[in-house]
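All chains, full assembly: derive it from the sequences and hints.
Quick mapping for you: the protein sequence lines, in order, are chains H and V.
Heads up: the first sequence at position 84 corresponds to 93 in our numbering, and the numbers run straight through without jumps.
Heads up: the second sequence at position 33 corresponds to 611 in our numbering, and the numbers run straight through without jumps.
Derived by calculation from the structure, the hints in this document are not laboratory data.
Each hint should be verified, as a subset may be incorrect.
Said to hold, decoys possible - FRET-style restraints, in silico, Cβ to Cβ:
1) 118(H) with 628(V): 41 to 49 angstroms
2) 694(V) with 174(H): 35 to 43 angstroms
3) 794(V) with 70(H): 53 to 61 angstroms
4) 318(H) with 621(V): 50 to 58 angstroms
5) 118(H) with 794(V): 42 to 50 angstroms
6) 714(V) with 352(H): 57 to 65 angstroms
7) 161(H) with 650(V): 53 to 61 angstroms
8) 593(V) with 143(H): 36 to 44 angstroms
9) 600(V) with 133(H): 19 to 27 angstroms
10) 701(V) with 118(H): 23 to 31 angstroms
Stated by the list, open to error - With the C-beta cut set under 10 angstroms, the calculated list includes, among others, these residues of chain V facing chain H:
11) 694
12) 698
13) 702
14) 711
15) 714
16) 716
17) 717
18) 720
19) 721
20) 807
These numbers were taken from a predicted model, which means no experiment stands behind them.
We put the beta carbon where it would ideally sit given N, CA and C, even for glycine.
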Amino acid sequence: MTLVVDVSRRLGAFNLDARFETSGRLTAFFGHSGSGKTTLINLIAGLERPDRGRIEIDGRTLVDTDERVFVPTHRRRIGYVFQDARLFPHLTVRQNLAYGRLLSPRADRWADITRIIELLGIGHLLDRRPARLSGGEKSRVAVGRALAASPRLLLMDEPLAALDEDRKAEILPFVERLRDELGIPVVYVSHAIAEVARLATDVVLLAGGRAVASGPADEVLAHLELSLPESRDETAALVEVVLEGRDPDFGLSLLRSPAGLWRVSRLDAPTGARLRVRVRARDVMLALDRPTRISALNVFAATVLGVTETSDAPDALVDLDAGGDRLVARVTRQTVATLGLAPGVPLWAIVKAVSLDGTAAPGRAPLSGLAPTGPIARS
Amino acid sequence: MEWLGLSPNEWTAVRLSLRVSVWATLVSLPFGIAVAWLLARREFPGKAVVNGLVHLPLILPPVVTGYVLLLTMGRRGPIGSFLDEHFGIVFAFRWTGAALACGVMAFPLLVRSIRLSIEAVDRRLEAAAATLGASPILVFLTVTLPLVLPGIIAGMILTFAKAMGEFGATITFVSNIPGETQTLPSAIYTYTQVPGGGAGALRLTLVSVAIAMAALLASELLARRISRSMDLA
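Next up, the structure:
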C-alpha cells in the first residue's frame, strides 16, 4: 500500500500543510497535541475536505482539488477506529460488527468475521450492547467493526488515549496482530512515543501542521530531535532483540542482538521472545579505547556512520553501526572535535540504560507466541 | 355501547375523534420528520420564516388558523379547489378536514419533539457509519432514525393528544356536523349549549380523560422499552 498525501487546510489560526508519502505496514503519525494528526486522518477518511491538494492510495485518487475529485467517505473503504470508539448504541456488538460487512461490496469482502472475533477476543461480548462494555472492550469492538467492513486501509486515531495502562497493555498486542497477521495497512495516530516505537514500521512526524520528517521508524526516531527539538530525550535507536534467558547469579535478563549480549534488569517475558527495545541517544556514551572497570554492563564495539549537529544546542548525534545494529549517541560538539569523531572511526559504545517501555507488557502472554512472523518482523 | 352509557351519537363522536387523531398523527409524521430534519441540520435562506410558519399555529388563536384553512383549503380556496379538481380530495366539511385542522394545530409540537431529538444525536456516530460504507440516506435510516425514535414516539403521542382535544380550528374550518365533523370536543361543546346536556358532557369528558391517560401510559411504556433496548436506562 502506498499512501501519497499533499494537502493544505486552514482551520482558524491553524494551518495544516503536509506532504509525504508512505508505504509502511504500520505508519505512525506522531506529533504533539495540535500538530494536525487528527485533521490529517480525517482528510484521508474524507470526513474533512482539504482547501487544496491531493490524496492517493495505490494510485487511486481520493481527493484532488485541481481535478475537482472528491470521493465521499462511504465510497473510500477506509476503516476508521475513533478515539472514542463510537459504537452504535442501538445495536448489539454482533450487529455493530455486521454493519460494515453488509455494506461492503461482495467482491471485496476479505474480512473473516470469525477470525476477527477470535483475534480480538470479543466472542463473549457479541450479544451485549455497547453501554455494557468496558473501555478496553469498546476499543476492541471498534477495531473489529472497522475490520469487518474489509477496508483497504485502517486508520486508528489514538485508540488507546482514553484507556488506562492496563487496558493499553490489553489492546497493543491486538494492533500488532493486525499488522503482522492480517496484513492490512494501518495508519496509527499517536502522541505516545512508546506506542510508536513499539508498533510502527514507518513514522510521519508532524509539528505545527507540517510533516517535518517521514521514513522508516528506526531512522525517524533515531533523529527525532532534529525535527522535533522538544522531544530531545526521546531520540532513540530501536534495537530488535531476542530474550535469551536470565543470569542466575544477579537476576538480570540477557538479550541477544547482532551487536552482542545485552544485560538489562529483569524482564517478564519468556525466553525466546522477540522484543524491540529503545536505546535513547542520551543513554549512550562513547569511548575510543575499550573501557574497563566501569559500572555500565553493556559495552559494544561500533563504527561511526555519521555525525549530525543539532540545530539549537551544542550537541551532535552520532550514528553508529554496532555489528549490524544501529545505535545513536548524543554527545557535545566538543566531544566530536576532541575524539575526532567522523564516519569510519571505530570506537566503543557504552549503553547506560535500555528503555523497554512499549515492548513487552509485564505479566502478559508473549506477543510472539501469537504471531508466527514475530511482532517485530519487518517487511 | 350500553356499558359506558354512551348514546349512539356520542359513540360516533368518540370514534370519529379517534379516527381523525390517528390520521392526523400518521399523515403529519413524514412531514414532521422532514421539517424537523431540515430545521435541525440544514442552513438555508428563509429558515427563520419556515420555523416561524411551523410554530404559527401554536401562537395564533385556533379560530384564526381554522379560518385561514377555510380560505386556502376550502372548496373555493386556491389549494382546496386544486386538490378537488385534480385529486378529488375534499377537506371542507368532511372528517378529512377535521384531520387536517388537527394535524396543522399539532404540527409545531411534533416538529419540536423530533427536532430536539435529532439535535441530540451524536453526529460522530453518523461519521462512523459513513466510514463503514453507509451512504447519507443509509446513515439516516440506520443510525439517525433509530436514535431519534424516542423523540418521534413522544411527538406522535403529543400530536395524538393535541388532535383529540383540538376544537377551535376544527369547528371553524369544518363546522360541527354530527357523524361527519363532530369530534369529541365539539360534541361536549354542543351538550353545554343545550339545557340538560350536563350528563352527556360529563360522560364524554370522562371518555376524554380516559383516552388521554391511555395515550400517556402507552408513551411511557414505549419510551421505557426503547431506552431499555438501548441499555440507556
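Hints and how they fare:
1. 118(H) with 628(V): 41 to 49 angstroms: 44 angstroms, holds
2. 694(V) with 174(H): 35 to 43 angstroms: 40 angstroms, holds
3. 794(V) with 70(H): 53 to 61 angstroms: Between residue 794(V) and residue 70(H), where Cβ atoms are some 56 angstroms apart, the hint holds.
4. 318(H) with 621(V): 50 to 58 angstroms: 54 angstroms, holds
5. 118(H) with 794(V): 42 to 50 angstroms: 48 angstroms, holds
6. 714(V) with 352(H): 57 to 65 angstroms: 58 angstroms, holds
7. 161(H) with 650(V): 53 to 61 angstroms: Holds, at about 55 angstroms.
8. 593(V) with 143(H): 36 to 44 angstroms: Between residue 593(V) and residue 143(H), where Cβ atoms are some 54 angstroms apart, the hint is violated.
9. 600(V) with 133(H): 19 to 27 angstroms: Violated, at about 45 angstroms.
10. 701(V) with 118(H): 23 to 31 angstroms: 28 angstroms, holds
11. 694: 18 angstroms, violated
12. 698: 12 angstroms, violated
13. 702: Hint on residue 702(V): holds, closest Cβ of chain H at ~5 angstroms, below 10 angstroms.
14. 711: 4 angstroms, holds
15. 714: 8 angstroms, holds
16. 716: 7 angstroms, holds
17. 717: The hint holds - residue 717(V) has a Cβ within 10 angstroms of chain H, the shortest such distance being about 8 angstroms.
18. 720: 7 angstroms, holds
19. 721: Because about 6 angstroms separates residue 721(V) from the closest Cβ in chain H, which is inside the 10 angstroms limit, the hint holds.
20. 807: 7 angstroms, holds
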